[in-house]
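Enquirer: Quick mapping for you: the protein sequence lines, in order, are chains A and B. Just so you know, we're using my numbering here: the first sequence kicks off at 1 and counts up by one. Just so you know, we're using my numbering here: the second sequence kicks off at 1001 and counts up by one.
Honestly, the hints are just simulated from the structure, not real lab data. It is possible that some hints are incorrect.
[Claimed, not checked] In silico PhoX-like pairs for lysine-lysine, Cα to Cα no more than 25 Å straight-line:
| hint | chain 1 | residue 1 | chain 2 | residue 2 |
| --- | --- | --- | --- | --- |
| 1 | B | Lys-1065 | A | Lys-259 |
| 2 | B | Lys-1223 | A | Lys-260 |
| 3 | A | Lys-259 | B | Lys-1015 |
| 4 | B | Lys-1061 | A | Lys-9 |
| 5 | B | Lys-1015 | A | Lys-9 |
| 6 | B | Lys-1098 | A | Lys-259 |
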Amino acid sequence: MNVYLQELKMYRKSLITWTIALVVLVVLILSMFPAIAKDAQLLNKLLSAFPEGIQKALGLTTLDLSTVLGFYSFVFIYVLLVGSIQAMNLGTSILSAEVRERTADFLLVKPINRSRIITYKLLAALTNIAITNVVYILAAKLMMDIVKKAPYDTKAFFLVTFTLLFLQLYFIAFGIAVSVFFKKIRTVLPISLAAVFGFYIIYLLNQTLHDAKLSYVTPFAYFEPAYIVSNVQYDVTYVAVAVGFFTVFTIVSYGIYTKKDIPAI
Amino acid sequence: MHIIEINQLTKYYGKSRGIVDVSFNVEEGEIFGFIGPNGAGKSTTIRTLLALIYPTSGSAKIFGKDCIQYGPEIRREIGYLPSEVFYYDNMKVLDVLKYSASFYNKDCKERLYELADIMDLDLNRKVNDLSYGNKKKVGIVQGLLHSPKLIILDEPTSGLDPLMQQKFFDLIHEENKKGATILFSSHILNEVQKLCHRVAIIKEGKIIKVEDIETLKQSNYKKFRIDMTDTITDTYFDVEGVTNLSIHDQHVTFLFSGDINVIISQLSQKRLKNLIVEEPTLDEIFMHYYVKEA
């Protein structure tokens, strides 16, 4: 329990910063909606003139930008990107920080086994993500209701919004799994940016390629806002894949970290 | 009972050697010195005992239990002070120490303040505002605050001023009197000689010798450096106990072990410009060991 509380304290600042960033992002984006909705007809027409490949890459084929939900789902990818970087940072850093900050010799000689340390740290990371999501959802819902012109499907809104949580869970687990393979990680951010944008680029490519196998590789393909808005449900196969990856990453992390040599300072 | 029992412990980092076939025991209540030059494998041995790294082969027991398998249980009764201390930068010293104490199922508060007082440590400062020596003090307090039965010190005195070193040694003596066993790693022979009952000497990953400190003191080597007024032949120093003799014109160095009066009376027959008698470095002692083995 002490490790859990300690980790919450250690990441409090970063939690506040990232949460504010996400809230500011959604507020800014949604505050543009009234202006865009006014010219939505024009915008839709303009966008439909784009080559089909680009339209698909942007996810425009099924989303209607003149509705608040369509607009939200269209821009939601930016929220996902920021949230993913937050989660990947947190995941990659939470175990590796002890070696980076050279505190491993303090923590790991305490009467606590390494599995426990991972568990507490994982729980602390999940708590951070949970707090981020609660605050974000409240802010997004409030903002939606402020800028909406007509009623929208609340269930679809929540389904789209919850994918932030799912993607963050994926990146927490992925980040931890990546970090246990490194002897020492000097800076976390390049790794998390590379991972998140790497997956994002694969996702963009696959918007035109439509390769089913490739879509399992990138978590951004699991919860397609356009699919969720039109079907008001998740694609079960992808949910299963996401859960599978999360489980595998977590097992790998425990397996390797508990057997790993901690490098001397 | 052996407090520490190391049995053919071997650790390779990939292909590079850490330690090879290290075996020795540390008995209850003793202060056991562990000496060797940098890179000899002292830290590797200690880090294996603490399950920070896993042995390639061999095993070690602490309190009669395997140090890997029963690691968390064993570590309840171990206090460890690493050679370089680092703590969570943004925390206050008191919070670091309280965090440390929270891992042990006992009330360490009183001891915490007592130790901080002895070491003259300001508990309200932030860790990243501390000097190296002050961080070391934090290390000492966090290593001792739970009154461990086994105290492992890895080159603990670096960065401490002489006064603090003395306080620290007093503290260790006191813990030892109260029944704690101490494993003390160092590359400073003098330090070990003052404090320890027995020593193990390690070089290039292997234990060269485990010896009583009394025996080591009897083979008490002094290093002589002399500037003579005249050049001198090496037969002049053909005295029992002189080793590693080297003569460059008027400049002479050698190691001497034996009755100090013999060598002094020999030297008094010549006019000297300068005479320095000092503790030989560990390497010079080791060199002597190798000469003896060869």
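Enquirer: Taking the earlier hints as the rules, which of them does this structure contradict?
Expert: 2, 4, 5, 6
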